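S.K.: Dock chain to chain to rebuild the complex, using the hints, since each chain is given by itself in its own frame.
Here's the letter readout for the chains.
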Amino acid sequence: MLKSVTSSQIFSLFNLYIFTTVIAFLAGALISGSNYSTPVATLIGSFLALLMMYPSYRVGMSRPDQFLSDYGREIVGSTLHTIFIILIVIANFALAAVNLRNLSDFLLMEYLVGTPSWSVILLFCICVAYAVRSGLPTIFRVAQGIFIITAIVFFVIPFLSAAEIEQDMLIALITHLNFKHLGVGTYITTAVFGELAFIYLVFPYLHAPGKLYKTFFTTTISSLFLIFTHLIPILLAFGPDLAANLTYPDMELIRFIRNGSFFETLDPILIILWLTSLFVKIAFTIFIIVSCLSQLTKTKDHKPFTLSVTAFAAVLSLTIARSQPELNEYIMVGALPILLITEFIIPWIYWIVGAFRSPKRASNNQPNKT
Amino acid sequence: MTIWSRLYRGIHSIHKASKSSASSSNEQPPVGSRSNHVSYNPSLKVRLDWIKAQFNDCFDVIYRQFVLTTGHSCAVIYIKGMINQDTIQEFIIKSLLNETAGLTHDNVYELLFEDNSLSVSQNQIITDLDKGLSAILDAGALLLIDGDIRMLTFAISAYPTRSISEAPNESVIRGPREAFIEDLDTNITFLRRRIKNKDLKIESMIIGQKSQTKIVLAYVNGICKPELIQEVKKRLSYIEVDGVLGTSYLEEVIEDNPYSPFPQLQYTERPDVACASMLEGRITIFADGTPTSLIAPVTLPILMQAAEDYYQRYTAATWIRWIRYFFLFVSLLLPSLYIAITTFHPEMIPSQLLITLAASREVVPFPAFLEAVMMELAFEALREASVRIPKSIGQSVSIIGALIIGTAAVQAGIVSAAMVIIVSLTGIASFIIPHYDLGLTIRLLRFPIMFFASLFGLYGVACGVILIYIHLINLKSFGLPYLSPITPFVKDEMKDTFVRAPWWSMLRRPLHLTRNDTRQKNNSRRWSQQTGEQE
Chain A
1 MLKSVTSSQI FSLFNLYIFT TVIAFLAGAL ISGSNYSTPV ATLIGSFLAL
51 LMMYPSYRVG MSRPDQFLSD YGREIVGSTL HTIFIILIVI ANFALAAVNL
101 RNLSDFLLME YLVGTPSWSV ILLFCICVAY AVRSGLPTIF RVAQGIFIIT
151 AIVFFVIPFL SAAEIEQDML IALITHLNFK HLGVGTYITT AVFGELAFIY
201 LVFPYLHAPG KLYKTFFTTT ISSLFLIFTH LIPILLAFGP DLAANLTYPD
251 MELIRFIRNG SFFETLDPIL IILWLTSLFV KIAFTIFIIV SCLSQLTKTK
301 DHKPFTLSVT AFAAVLSLTI ARSQPELNEY IMVGALPILL ITEFIIPWIY
351 WIVGAFRSPK RASNNQPNKT
Chain B
371 MTIWSRLYRG IHSIHKASKS SASSSNEQPP VGSRSNHVSY NPSLKVRLDW
421 IKAQFNDCFD VIYRQFVLTT GHSCAVIYIK GMINQDTIQE FIIKSLLNET
471 AGLTHDNVYE LLFEDNSLSV SQNQIITDLD KGLSAILDAG ALLLIDGDIR
521 MLTFAISAYP TRSISEAPNE SVIRGPREAF IEDLDTNITF LRRRIKNKDL
571 KIESMIIGQK SQTKIVLAYV NGICKPELIQ EVKKRLSYIE VDGVLGTSYL
621 EEVIEDNPYS PFPQLQYTER PDVACASMLE GRITIFADGT PTSLIAPVTL
671 PILMQAAEDY YQRYTAATWI RWIRYFFLFV SLLLPSLYIA ITTFHPEMIP
721 SQLLITLAAS REVVPFPAFL EAVMMELAFE ALREASVRIP KSIGQSVSII
771 GALIIGTAAV QAGIVSAAMV IIVSLTGIAS FIIPHYDLGL TIRLLRFPIM
821 FFASLFGLYG VACGVILIYI HLINLKSFGL PYLSPITPFV KDEMKDTFVR
871 APWWSMLRRP LHLTRNDTRQ KNNSRRWSQQ TGEQE
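Taken in sequence, the protein lines are chains A and B. Reminder that position 330 of the first sequence reads as 330 in the numbering used here, one-by-one numbering, no gaps. Take the position in the second sequence, starting the count at 1, then add 370; the result is the number in the numbering used here.
By construction, these hints were calculated from the structure, which means they are not laboratory data. All values reported here derive from a predicted model rather than from experimental measurement. Check before you lean on any hint, since a few could be wrong.
[What the hints assert, rightly or not] Derived, one-sided and incomplete: chain A residues facing chain B with beta-carbon distance under 10 Å:
id	residue
1	Ser8
2	Ser117
3	Trp118
4	Val120
5	Ile126
6	Pro137
7	Ile139
8	Arg141
9	Gln144
10	Ile271
Ideal placement from N, C-alpha and C gives every residue a C-beta, glycine not left out.
The following block holds chain B by itself, in its conformation from the complex (with noise of 0.2 Å):
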């Protein structure tokens, strides 16, 4: 065969698929797509070879190959455990089964894909066999026929999820108790029930080459600022990982300051917390099979308000509000100032105290700082042990740690007394903090300030205080400063800060997250002006 006759068989060729797949249908052929070259071939064979090539070595994806009585082969694909199988039996196949008896060759392609007669609802035309494989991955089922490109996709997952349970870690004693789950579309339904309104929006991005997770942000449009929620899509754009197994993946991508122990986004497992931070003007983050869901911005006091808040009298959660604060600064300081304290200014300490701290620290070989820092140690490990070991045995393992290896530490003169106390009240402080990550960074700077009141005593301690207070100044969450509305100071959000002031009272919303305000139009208690029964 002679080259010219070989380049005028190429241009045939071309011409020819050319031809056939613009006649076969309408739709131009995605530019650039993997599969280009077998989308637009109507021969089940070929594409049903593509597929498995693609699903080489994956022993869970069942192909289901059948012929209709008009002839056509058909074939739907799924992932075993992912889709309910009955439905498949029940509603694709025998369906269309059934549906097609009697019909002609043509007709059967009116029937799937003009028609729309199957039983399945929730089903989609596409021609791109990249958009099947990705179907088929999410949880849904793909159906192929014989002589036309056209694919149908049917979202019938039905994978086992856990079911809903209490929050664990952020329970309450009056509030709702149910908490998100790993399924997004349950957690979204949550959302829904609690907010009916239409200006709840909820968008939806893939993030993860690999894992291809689905990322939801949600929040309530005319509320949230909508340079907050371009911002929060802009960073969340410049992902590019391999998987997204957690939220938490996202949060060290998004958040401004990367080498901050602080943490610059809040996470919560509560339907009702998540609607509330929308409620202010804030934005929530949920990923596909992560039971928590992340909320921008941030700021220090939001940390330390707990749902219970909310839910509990105002006077007794401004109380709570008060001790959290104080033992913020206990879990914080408390070692610091007893080794600053008992090292460079004794003389503060009365003297009937004075002598008891001595008589107990007479036999103690180590430094204060020393002592501190073994029990601390010592604590943290518990902790760790606590959380890691079965639930079975964590409660002897605490015990043991706490009570015998504390008391025989004493006996022993390894440690003093008042060391244990002090330890053991700033363990109880760091649970204190409502927010996880939150506690543990305070638990983190405890051991900095520990070295400085070791070396410099009080002066030490201010010092690791006020190094800590500037980075916090200087820290920002999308935007907004850290320790708003404290500093910059913002009289009128004191009313849910340092206090949580009755509902009645709170007309306006954080005037530092949203720019529409009015959060009740007025005074909801006005009827006891009416009636005159405020009294």
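Next comes chain A alone, as it looks inside the complex (with noise of 0.2 Å):
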């Protein structure tokens, strides 16, 4: 199974990856810290996320063969390498938890009130679990299948909701950008774009590795061409206070819409979206877990920790928080800075070590001349 992801597959798991998570749970918080400088903000963030991904590529380049975690302690040392994997596995479990929360909160509150929140969760995870078993190239091969419907669905629902934007509004995205507003923006996107770092701890799994930075522009510039068919006409429909306080304002835009007689509303459709997109994302954030224990752990195969990793990270995401606003908070607090020193610091200091002792040990390689 190694070497089978190819790299339209990352491409579409990506995409889903980051446009499902703006659009559909971080679009309220964008537009709060960010106001009309959001679209600013998430072309600055994308961007630097990809600048700053790229030591990530380098690591995994060094041996595209092997995974970070047998190899990762040759460069840092056994006891920081450890150190590093275990925040890893730390931040993809804040990760998994949040989203799944996200998710939970979104079906409890607008359509399956009443339900337990633990046997929402547990279906989810049922399917999670299902896939991360699988491996890594059916999570890939899932997203793959998806993508162009999911993509396509996107990519017209904000033209159906065309006749409720105000289109003079349009001018102010230019004259009120604001240099303050634009950097919370920017911190949450780029730790967002940034995930897709976590790819250079499955490096073995994919097909064409000298491809892959490649991919990160590519999906970066499509899934920004997504997000922007969004959050703009978000920003012309309500404004920015609106928007800042909706919870869902995405789900808010699909409800103004009227399409005739056949539908009343589309956003139950928008569940079936959000969800399979949701679901490639907590599956493929679960298997580096279980991924990265595995290979701490010394074990060959990684389905052994499949069950335990997903009920943990599904007991762990109703635990995380009492209240959507508290949550809100762990995810400014709590989830963004470890996320952004799992996905950009370590690479970076695998990196720097690494191309330091690259020379050193040529050296000690070399034969004596004298």
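M.R.: Here is the structure:
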């Protein structure tokens, strides 16, 4: 199964990975922090993430046939490497728990009122555990299969709400640019786009690792495009103040759509789209945890960890916060910093130390001429 | 008698027997054969007694004994009804009597076993009685002659077979109509008539310790991947059952995932479908006595293709294919979506329709899920009954079930009219799926999704679909991903997946099935580029 994940599969998975999260759950937080500067902040954040991901790509490319969890100790020493891997596991646990919680909160608040949250998470985690147990290529293939339909629907939906958009406000995206506001949006989007970097932990699965950075670039461009097709209409339809106070502004935008007499509202369709995209995202995150743990404990197979890790993430998602504001606080203060550390700083350390040690090792390996 | 004299006599008799057998035939006695001790006895009586003992209580085995003019006793053994008795009489017994008239004692053996001058051409010389038994059981005749351990077998089977008819389950409007029958030789002839090429290879093997069923693998050498042929042979070689009475016996043993509800081999009763599959690099498996052949490997898009697709115009075929895919989802999801939307998401339904639906459900005492399950089960029962009962009353049962019971159930307020429409539409949709086994699978999977829909609404439906989707992604048929070429995505194969491209544009064979991908060396319509008649 190694060497079986193609560039197009990476493109599909990471597109779903990024635009779903930003559009579905982070639009309110982004607009709250950046107002009319949100699109520009997203643009800067995404390219900053792309730039900062380069070391993770270089680290992966240094030994594309090996897992970082295996050879990392040769670069930074056993103790530091173990600490880094544990940090990555914690960051991914936090990420999986936040996404699971977002999903269950959304469903329980809008559609499944009165349903126990554990049952909603249990059903979803059964799907996730099945995918993770099947392996990373399966997760990528799931993403490839659903990408086209999801992307088309995500692209079309804003156009259906075109009648509600105040096009005169479009100029505000340029005239109301504010450097102070750019910071928050950039901070959030850098962390979200930076999640692509975690692929450096599973490099041996990639069919063409050399093309990975190019894929990162195309993924960034295409997901930015889809994010803009939603973020800009949200801003133009609701204005920054109202949009910032909506929990799910994109869903409210879709509720604006009045498509004749066939469908009264399309927003339950959104559940399916968000669900499938979130599913691949959480499955990938859980796989990263499982893969790191299996390599850390030198277990040959990742499968024994699958159920326990998924169950732990499920329990964490139920207990991580008591309310939506507490969850937002947790994301901003707890999850994002640890994500930034694990996505960017740890690969930077591996890269720099590796670069210093390589010439030294090369010189040590050279025969003594004297 | 002392012990020493007994020992001497024993050794002497063994030595004598080995000497006589060596002189009568140059062939080495087969090691471990059950009939070893009798096969090398030239006495007709001994061998005939042994055969009679083997066929004890088999009244249909005929032993025809006769004496030639040279004084040799002979016997022909066959099973009544499996061969033409006139052939035995005319071309074996009579011919033998005529040919041997006036010959010396030893010349008879020369005539029979060296000159091979009997009128029946399909004969074979054997010395092993076990092989003789197999020949008799395989609708042949066995000729034994006193004084020689050699025997002749004649392949003169003439048992009754069904006449060739139209394919009852894969009917077409424009394509060829003949279907495979139970007779293996006829089925192979169908293939040979369509692919007149030396590369069409037909390999056979026997499976079934009691049934001794002949299994045939057919493939086109140079197109079919050698590793696929080896894999199929390997899996078949592991089968150790007592009987193979149909290809489905093989299917369950050789498929990749025995617990999957999805069919992992295609079956067909149409020779043209089998030939088209072989020309795409797939392998066809036949079993004697079964009118359906198995084709490996298979993918979900292949199961959604019908033979008719390739006989209609490509535009119509593409349209029908879209309809088929749409109704695949209708068949799987429509009742679940109805339950989910009416129970959890009524805001999706326009108010006018919602009022109509609410009015029709007002008198129904059951929740939508129970109502759907009742109707689906009733529909399944009707369908099963219409298959099992005699055709003459099948139509009446369908009419009574569908119209009278359906109408009565709505009028009695047991089910709503909307649910009857949903279940009927779902039932019709399941018949649109070309592969019957796939249709069955979809019908089965509908129930767990309905259950999820009743608990979690559209979220439950989505989770159910995700679980099936992951299963399909993991599923393989002889190593080929079940969802290929959709995922893993192969762009060039889209020409014959969701659409049916015109023949002249399909220059290559499916790359995920074969390595020899050239179907047409050049575009067959290049004449139009020369004459400018394309427009």
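S.K.: Next step is simple, just say for each hint if it's right about the structure.
M.R.: Status of each hint after checking the structure:
{"no.": "1", "hint": "Ser8", "in the structure": "6 Å, holds"}
{"no.": "2", "hint": "Ser117", "in the structure": "12 Å, violated"}
{"no.": "3", "hint": "Trp118", "in the structure": "13 Å, violated"}
{"no.": "4", "hint": "Val120", "in the structure": "7 Å, holds"}
{"no.": "5", "hint": "Ile126", "in the structure": "7 Å, holds"}
{"no.": "6", "hint": "Pro137", "in the structure": "9 Å, holds"}
{"no.": "7", "hint": "Ile139", "in the structure": "9 Å, holds"}
{"no.": "8", "hint": "Arg141", "in the structure": "5 Å, holds"}
{"no.": "9", "hint": "Gln144", "in the structure": "5 Å, holds"}
{"no.": "10", "hint": "Ile271", "in the structure": "5 Å, holds"}
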